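Student: The primary structure of each chain is shown beneath.
Protein chains: 2
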Amino acid sequence: MEQGIQQNKDMKLLGIFTRRRPATIKTALEGVPVFHVDDAEKMTGEIDVMILCGGSASDLPIQGPLFAGLFNTVDGYDAHARVPDYFQAVNSRALAAGKVSIIAGGWDPGMFSVNRLYAEAILPQGNTYTFWGKGVSQGHSDAVRRVKGVQDAKQYTIPLEKAIEAVKSGHMPELTTGERHRRECFVVAEEGADKLRIEQEIKTMPDYFAGYDTTVHFITAEELKKHHSGIPHGGLVIRYGKTGLQKPHSHIIEYKIELGSNPDFTANVLIAFARAAYRLNKEGQSGARTVVDIPPAYLSPKSAAEIRKTFI
Amino acid sequence: MEQGIQQNKDMKLLGIFTRRRPATIKTALEGVPVFHVDDAEKMTGEIDVMILCGGSASDLPIQGPLFAGLFNTVDGYDAHARVPDYFQAVNSRALAAGKVSIIAGGWDPGMFSVNRLYAEAILPQGNTYTFWGKGVSQGHSDAVRRVKGVQDAKQYTIPLEKAIEAVKSGHMPELTTGERHRRECFVVAEEGADKLRIEQEIKTMPDYFAGYDTTVHFITAEELKKHHSGIPHGGLVIRYGKTGLQKPHSHIIEYKIELGSNPDFTANVLIAFARAAYRLNKEGQSGARTVVDIPPAYLSPKSAAEIRKTFI
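So the sequences go chain by chain: A and B.
Every letter in the first sequence is one number past the one before it in my numbering, and letter 78, counting from 1, is 78.
Every letter in the second sequence is one number past the one before it in my numbering, and letter 218, counting from 1, is 218.
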């Protein structure tokens, strides 16, 4: 996030807010001030946008509405099913404070949401498919680590090529998450652990692995560190649609990302939407927004005239 | 366009306006009223949006500003370099009339513009590449047809795989249009024509083929009709970017379309933006807009609450 902000010449990182003791925080860049989160409310006059980096399970349900009442905010709230409720909670506080809060940024929800909407608006008759990966799933890696005899582990979610082919070939299949993805686990077993039992326990784990094509590789701690310490991710949104009543034509719209670092990319998306939140508020707008409510131009540091000249 | 509008339940095709005698026009769907274009100005009260289907060379420079002074409009103005001037001309008339005009819709300019902007805003450090095809280029097909001894012809523009690979591998190459694409011509020669000379003339044609890897196939009129009568097209926008100062990570954002019918898809994009033009105007907005000025949500027939529930 710190380095992402530095890529944008029109932005300045005023500081990082933490619940821990500020002195214990080591920042990525030198000279970045660290404040205690309780001091934030005294700094409403100095901060144009607050980027909320908390988790969706317990942090953002509290922090989102709280900070929406003090600052323009952007967050990466990612509990898809609870977005409508979270929107309401943030919206009322942001409206009361006269601030703009853009919720559920990032890539899914986020840029994938934008692309699902565009694609369906352009091709009303068709199906949309979302694939995740190849990438590290933190939740699934944690689940594997909880299996008895596992010392460390990393799990990759990988789109099934045959599912992507089926979608693009126009079969408009109905596909469950398990029919769209396979799972690959790299496991460091404790010495003397029963690897067959570990593999079996992983593959049959309800909710996480049962119903998926799962591969388990046992590797050494050194190999795990050397080859699997990054946090790559990615995915694609595909819409297959048809036009023409008498003589139908097939169309495919595909939005695909391959990310060397999931946290870096997610941060960069939030930073671009932070620019939009500030601008919208400066125009007098207030309330909660999702990514699809924001005109794309508001994300760019370029002027309207420059945009017409260079992007159109 | 007629069939595209029929895919959208919240829209109704009020009629088609033509410069020819209305009675000579055969509509794609039964029962679609056809009016003379001179009668349009009497119908300002009945029409929510006018979709302008004229060409960018001579039609839209006149029709764009003219109709912007009477109706909300959408058009597919595609002379990239002249967009800033065209915008000004349309903007002043739309402002005076209190109407909204969305210019340069379609896919390039259009959805490709939107994606170039999003990608650069998210990955400020990187390069963006646009590839066109595989698809039929009308202009190049016409140029081939003008070669002496050519009875009929179709030209396909095709992205060079090796250029796409170079972009994705992170070499950030500087590539001319000729280094990103190859050209394939299917030519029906007149009887007794010198095919070697025709091939040579095509391959060395300045502006159109010189500097490109061009292949010429001679086929029969029957083969041309059977295999090359469609108007497929497509293309992709790729941004390769980097994040992280101390430990850089690579990222790729790719937007790709494969279109069974270029005119059908382009029409569907204009129709979605027509919905947005009407809505923006209903909110009291006026003036010219490009696709990047429009919040994605305005393209969807779904309500804000439905959108939060289904797309986010």
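Since the hints were made in silico from the structure, they are not lab data.
From a predicted model like this one, the values you see are computed outputs, not experimental measurements.
Any given hint could turn out to be false.
Note: identical chains are not told apart, hence a pair may lie in one copy or across any two.
To be verified - Once the Cα atoms are required to be at most 30 Å apart in a straight line, the calculated BS3-like pairs of lysine-lysine come out as: (1) Lys134 - Lys168; (2) Lys247 - Lys134; (3) Lys256 - Lys309; (4) Lys168 - Lys226; (5) Lys195 - Lys26; (6) Lys42 - Lys203; (7) Lys148 - Lys162; (8) Lys12 - Lys203; (9) Lys42 - Lys195; (10) Lys226 - Lys42; (11) Lys203 - Lys247; (12) Lys247 - Lys12; (13) Lys302 - Lys247; (14) Lys242 - Lys302; (15) Lys226 - Lys309; (16) Lys226 - Lys256; (17) Lys225 - Lys203; (18) Lys148 - Lys26.
Student: Against each hint, give a clear statement of whether it holds in the structure.
Tutor: Hint by hint, here is what the structure shows:
no., hint, in the structure
1, Lys134 - Lys168, "both (19 Å within a copy, 16 Å between copies)"
2, Lys247 - Lys134, "between (37 Å within a copy, 21 Å between copies)"
3, Lys256 - Lys309, "both (26 Å within a copy, 23 Å between copies)"
4, Lys168 - Lys226, "between (36 Å within a copy, 24 Å between copies)"
5, Lys195 - Lys26, "neither (39 Å within a copy, 72 Å between copies)"
6, Lys42 - Lys203, "neither (51 Å within a copy, 70 Å between copies)"
7, Lys148 - Lys162, "neither (34 Å within a copy, 48 Å between copies)"
8, Lys12 - Lys203, "neither (47 Å within a copy, 53 Å between copies)"
9, Lys42 - Lys195, "neither (55 Å within a copy, 81 Å between copies)"
10, Lys226 - Lys42, "neither (45 Å within a copy, 73 Å between copies)"
11, Lys203 - Lys247, "neither (47 Å within a copy, 35 Å between copies)"
12, Lys247 - Lys12, "between (55 Å within a copy, 21 Å between copies)"
13, Lys302 - Lys247, "between (43 Å within a copy, 27 Å between copies)"
14, Lys242 - Lys302, "between (36 Å within a copy, 20 Å between copies)"
15, Lys226 - Lys309, "neither (46 Å within a copy, 41 Å between copies)"
16, Lys226 - Lys256, "within (27 Å within a copy, 34 Å between copies)"
17, Lys225 - Lys203, "within (23 Å within a copy, 54 Å between copies)"
18, Lys148 - Lys26, "neither (34 Å within a copy, 73 Å between copies)"
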